[in-house]
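Listed here are the chains, written in short residue letters.
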Amino acid sequence: MYYKTRGYRIFNAVNSIFMAAVGLLCLLPMLHLLAVSFSASAPANAGLVSFWPIGFNAEAYLRTFSSRLFVGALTISVLRAAVGTAMTMFITLMAAYALSKDERTLVGRNVYIWFMIFTMLFSGGLIPSYMLIVKLGLINRFWALILPTLASAYNIILMLNFFRSLPREMEEASLIDGAGHLATFFRIYLPLSLPAIATVSLFTIVFHWNSYFDGLIYIGDKNRLPLASVLQTIIVQQDFRIVGPEVMARLSQRTLKAAQIFIGAIPVLLVYPFLQRYFISGIVLGAVKQ
Amino acid sequence: MNTRMWRNRKLHAGARRRNRETALSSLRRNWVLHLMVWPAVILFFIFSYLPMAGIVMAFQNFKPGLGFLNSPWVGLDQFRFLFGYDNFLKVLRNTLVFSLSKYVLNILIPFGFAILLNEVRNRRYKRTVQTIVYLPYFLSWVTLAGILLDMLSTQGLVNTVMARLGMERIMFLGDGFWFRLTVIFSDVWKSFGFNTILYLAALTTVSPDLYESAEIDGANRFRQTLHITIPSLVPITVVVATLALGGLLNANFDQVFNLYNPMVYEKADIIDTFVYRIGLLSGKYSLGAAVGLFKSFIGLILITISYRLAYRFTNYRIF
Amino acid sequence: MTRRAKTIATLVLSIAMILGILAGCGTTPTNTPAPTSGATPTTAEKSPFELGKFDPPITMTAVSRVGDPVYLYNDTLNDNAHTRWALDQFGIRIEYVLEPADADSYRTKLQLMISSNETLPDVVVYTQDPVTVGQLIESGKFMPIMETYEKYAGTEYKKHAEANPQIFYPFMKDGVAYGIPILEYAHNADTLMWIRKDWLDALSLDIPKTVDDLEVVLQKFKYENPDGFTPEEVFPFTFSFKNGAKTWLSTMDWFFGAYGTVPMQWNPMPDGSLAYGSIQPGAKDALLKLKDWMDKGYIPQDVATWDEFTATQIFVQGKAGVIGGGNWVMDWPCNGVKAEFPDAEVVPVGLIAGPDGKMGATMDITAANGVMLINKDFAHPEAYWMYYNYLLENYANPPVGGVFEYGFAQGYDWEIIDGVPTNDKTKLKENGIDYDYSYFNFLTMMPGNPARIPSSYFDALIKLADGLDPVTPFEKRMAVERSLETRMAAKVIMAEADKRTQNAFTGAPTVTMTEKWSLLFQAELETYTKMLYGQVDAAGFDAFVANWLKDGGEQVTKEVNDWYKSVTD
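Chains B, S and E are the protein sequences, given in the same order. Just add 631 to the spot in the first sequence (first one is 1) and you have this note's numbering. By this note's numbering, the letter at position 119 of the second sequence is numbered 106, and the numbering carries on one by one without gaps. Just add 150 to the spot in the third sequence (first one is 1) and you have this note's numbering.
These aren't lab readings, by the way, just hints derived from the structure by calculation. Bear in mind that the values here come from a model prediction, so they are computed numbers and not experimental data. A few of these clues could be false.
What the hints assert, rightly or not - Here are the simulated lysine-lysine pairs, BS3-like style, with alpha carbons at most 25 Å apart:
{"id": "1", "chain 1": "E", "residue 1": "LYS666", "chain 2": "S", "residue 2": "LYS282"}
{"id": "2", "chain 1": "S", "residue 1": "LYS50", "chain 2": "E", "residue 2": "LYS526"}
{"id": "3", "chain 1": "E", "residue 1": "LYS392", "chain 2": "S", "residue 2": "LYS254"}
{"id": "4", "chain 1": "E", "residue 1": "LYS441", "chain 2": "S", "residue 2": "LYS254"}
{"id": "5", "chain 1": "E", "residue 1": "LYS666", "chain 2": "S", "residue 2": "LYS50"}
{"id": "6", "chain 1": "E", "residue 1": "LYS392", "chain 2": "S", "residue 2": "LYS77"}
{"id": "7", "chain 1": "E", "residue 1": "LYS700", "chain 2": "S", "residue 2": "LYS77"}
{"id": "8", "chain 1": "S", "residue 1": "LYS77", "chain 2": "E", "residue 2": "LYS666"}
{"id": "9", "chain 1": "E", "residue 1": "LYS526", "chain 2": "B", "residue 2": "LYS766"}
{"id": "10", "chain 1": "S", "residue 1": "LYS50", "chain 2": "E", "residue 2": "LYS291"}
{"id": "11", "chain 1": "S", "residue 1": "LYS50", "chain 2": "B", "residue 2": "LYS766"}
{"id": "12", "chain 1": "E", "residue 1": "LYS579", "chain 2": "E", "residue 2": "LYS626"}
{"id": "13", "chain 1": "E", "residue 1": "LYS291", "chain 2": "B", "residue 2": "LYS766"}
{"id": "14", "chain 1": "E", "residue 1": "LYS526", "chain 2": "E", "residue 2": "LYS291"}
{"id": "15", "chain 1": "B", "residue 1": "LYS635", "chain 2": "S", "residue 2": "LYS113"}
{"id": "16", "chain 1": "S", "residue 1": "LYS254", "chain 2": "E", "residue 2": "LYS666"}
{"id": "17", "chain 1": "E", "residue 1": "LYS526", "chain 2": "E", "residue 2": "LYS575"}
As the list claims (entries may be wrong) - Between beta-carbon pairs, the in silico distance windows are:
{"id": "18", "chain 1": "S", "residue 1": "ARG299", "chain 2": "B", "residue 2": "ASP852", "range": "52 to 60 Å"}
{"id": "19", "chain 1": "E", "residue 1": "LYS196", "chain 2": "S", "residue 2": "VAL129", "range": "52 to 60 Å"}
{"id": "20", "chain 1": "E", "residue 1": "ASP493", "chain 2": "B", "residue 2": "TRP683", "range": "21 to 29 Å"}
{"id": "21", "chain 1": "S", "residue 1": "VAL129", "chain 2": "E", "residue 2": "TYR373", "range": "34 to 42 Å"}
{"id": "22", "chain 1": "E", "residue 1": "TRP398", "chain 2": "B", "residue 2": "ASP852", "range": "29 to 37 Å"}
{"id": "23", "chain 1": "S", "residue 1": "ASN302", "chain 2": "E", "residue 2": "LYS700", "range": "53 to 61 Å"}
{"id": "24", "chain 1": "S", "residue 1": "GLY205", "chain 2": "B", "residue 2": "GLU734", "range": "37 to 45 Å"}
{"id": "25", "chain 1": "E", "residue 1": "VAL621", "chain 2": "B", "residue 2": "ASP852", "range": "44 to 52 Å"}
{"id": "26", "chain 1": "E", "residue 1": "TRP398", "chain 2": "S", "residue 2": "ARG299", "range": "54 to 62 Å"}
{"id": "27", "chain 1": "E", "residue 1": "ASP712", "chain 2": "B", "residue 2": "VAL742", "range": "53 to 61 Å"}
{"id": "28", "chain 1": "B", "residue 1": "PHE844", "chain 2": "E", "residue 2": "GLU631", "range": "56 to 64 Å"}
{"id": "29", "chain 1": "S", "residue 1": "VAL19", "chain 2": "B", "residue 2": "ILE641", "range": "49 to 57 Å"}
{"id": "30", "chain 1": "S", "residue 1": "VAL129", "chain 2": "E", "residue 2": "ASP493", "range": "31 to 39 Å"}
{"id": "31", "chain 1": "B", "residue 1": "TRP683", "chain 2": "S", "residue 2": "VAL129", "range": "19 to 27 Å"}
Glycine included, C-beta positions come from ideal geometry on N, C-alpha and C.
Taking the hints into account, I'd like the entire structure generated from these sequences.
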């Protein structure tokens, strides 16, 4: 086998070291932030913390956890990511499957496609979108966070390309067997596209998890805000002239901000290794052989 | 490319066979497919097309208190105002310097990294690296800019190390040339791990059979990579590259805004930061809308050209 | 419910009511009129404003404080110590219908609300940029306030507004004022130079009085640093230029003042006209001096990239000895230097003189901070005045024995502990009351002190600086909250108030300003910063001034002067 040759072993060693170096380059800033998040506010604000906390304490985390909004916000975020992703995937997969057919099978396919591409480029901006949400009665509703981004042209195009890369013989065989489009879609296409589904799901989960601005403008009631928006309210850039030195001194912005990066990102980081399971090569081939 | 070409040929044969069918009978036979597209179509119509009415703002002098109906119409004044600036060409050039470099590197580096990562044989090590390089994606530019300003200051970590090695101290963020490099590479650094995921997913669809038969033919790993791995990543790369063209004039406002300073305006000012300062800060929403429309049109043109070229030269429809 | 059960229930209720009435009569054995007979003749003549209370209570919708307010006990957004007090005291039910998360989303939300014609709260407070204030006023959704001011403003407010009519100027449209300015402490935005006195003493140097003195001081700080830092580590003079030469922290206006101009504001000229400070010849000389100091290593090389807060870091680290800032910098953030260097002594310094003996700095006695807009559909604009007047007259500077002597609400910011009323935060904490500045969600969005009497702050600080004992509750509070350095600074600032210049242009942005100002200001920032590094020379500064005038500056100057004439006449 190729990986037993001497040349490949040398390559493998060099490659592994290179990967470690790149990994370190990505890890160091995170370690710095971790150290800041566990430091006392004075040394953090003075820019003295590098990779080890000074004046170790977990106050920044406690301050965030003790926010009356935290638990509710976490729930809403999880719900948002789950519902939003499930629905997005449903819409995306169906549309992508149909659009992966050629013009003759799906008459008007190219019109559909450009109809969608257009939405990636042109937008009316914030004001009309807001007016739409008001008109639909979605202000202050959970669905205001889900519905507007449910269909994404980018995801549909990625997915349809994955579908097209699957061996066509299987689809033809299935159709000849008398199975309809829906059966072919569910029985053949979906099981074979797990890596792609995992990828697009991950993109969607991360998108929902990180979105904060829609929450801030569509949801007026703070008890209904998702986590990303709530974190925004805890570390508000205070206007010094109004709050005065006594308040500024009490807010250790840096440690709070650093802590919130971790609080905000950890749940979504945990999803990744779970989805990595589906990144296994050979599923497609196995299916064809059967 | 062998499998793909074969597949394409087959596809065309099938297409010819069905040539005689009328569109109507296809519709009758494939109505389910249409039904599958319509949920997305309806959502796009409501949440993307209806608000597009707001594009009229670009031709108005929009005042929040007056709304779309009562704001005065100004025709193409906003565009004249924008293109009339002496600085506009300079700003456009800066934007392109940033966005083109990022465009190329953000495709090539994740592409190469995915291939190298795919070669790591220890599965746990591979997954760990994969997870770690994906971390920086979750930093906001405000946070990251704070770290970079610190690290790259004349007394910062990088300069201290360089000074120890006997090199001159460099004011990275106060010098146009270094500023540009910092912007480009910090952007690549932040997002390459995340972008790699897509290519890793694409690699899973490559059939191990291909490698096995290449092995039997005596091809070494380098040749296998060259003839199997890379070609199998090309289609998805072309798709990503084409879609990214749509946002070519977005050189990342958040990043530049948080990093730049008056010293480097000349080399760092991009369309979005420029418009923010001359327009949005003083409440000129219409100018922002006009710029958005301009960028969208350029994006549309680029995507269309790329779509046509890809079809003409590789006979492959990107979408 | 069956018919019989209903009958029984009605019967029981009736009996209960009769018993209740009887019981009521028992406790107040006067012949009070039956509740149905309505208001007494005396109250009918007096308005709720005169009575100081609405009966029945009215509802006033409002905007909650930006951020994430913390509540004690079972308090909530619309039921807490502050709202209960307002209902009790004035019969005003404050209902917060907007809860902004941060300043940006608040601004966006307001803009979206006026664009889409949504109902706005009865009172809208805004403390940020003048552009948004202009849009809000322009939307026509708020009422002119001068009539309510004449009718309802209290004596404390009128006293300040009559002495400083310019507080209304930023909120005028076509000669009509649309916003009620929220008062702020006077001189709170005045800035001065701060210096490491312990370093001066160690080097046997006097407090610098001129720019030349300062140069000697900087040279010694760098090369003979008393804390033993090497010259490569010390950059004695730190400031921030990223947002301009006059700013809220790490500011330089006092330095330019030594060259006869205060940058980034409109200063009265000898001929009575107004001129923009940043383009005066004095600014060029100041910048050339700074360039020279940069070359000599007295100024950190990174100042161009530092914002106001970042520029203080090197001072806090003990590697800089001179910084500019307001009276409060030793309350925050420069007091941080004492963590590492407990013996560090930082003192405020009087204005230094330039080569021609000139002195100057900015000043703010207009003292308004933010504005309250009143919805034109709100039937009771006097409700806000009742609230604000009361706080200004009873809470801002409470008398001994007054209701607010110890704080706003017992159990929140003060408590009787061991029989003694106290508002000491550590004592409160020991007794389970974890005071947070955001408990009281005051309408003015100013935590701590929602209503501020402009003169009270410096008056109290100077009294304390002179060694007098604090007498009033406000003075006592200042004695606890404000450092000795802050008190000294107040004294230094007031002693030289006649040498300071207030920005004379306080109107809404003029036509050409709206069009051109951002570009003019950008050129200013670029020129100032580049001169520091020698990338623009003296001739370059002159070219900048010429272009500035040509590209709209001249027109702006004319408009500003027209405005000035219209208000001074």
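Name the hints, by number, that the structure is in violation of. Of the numbered hints given earlier, those the structure breaks are 17, 28, listed in rising order.
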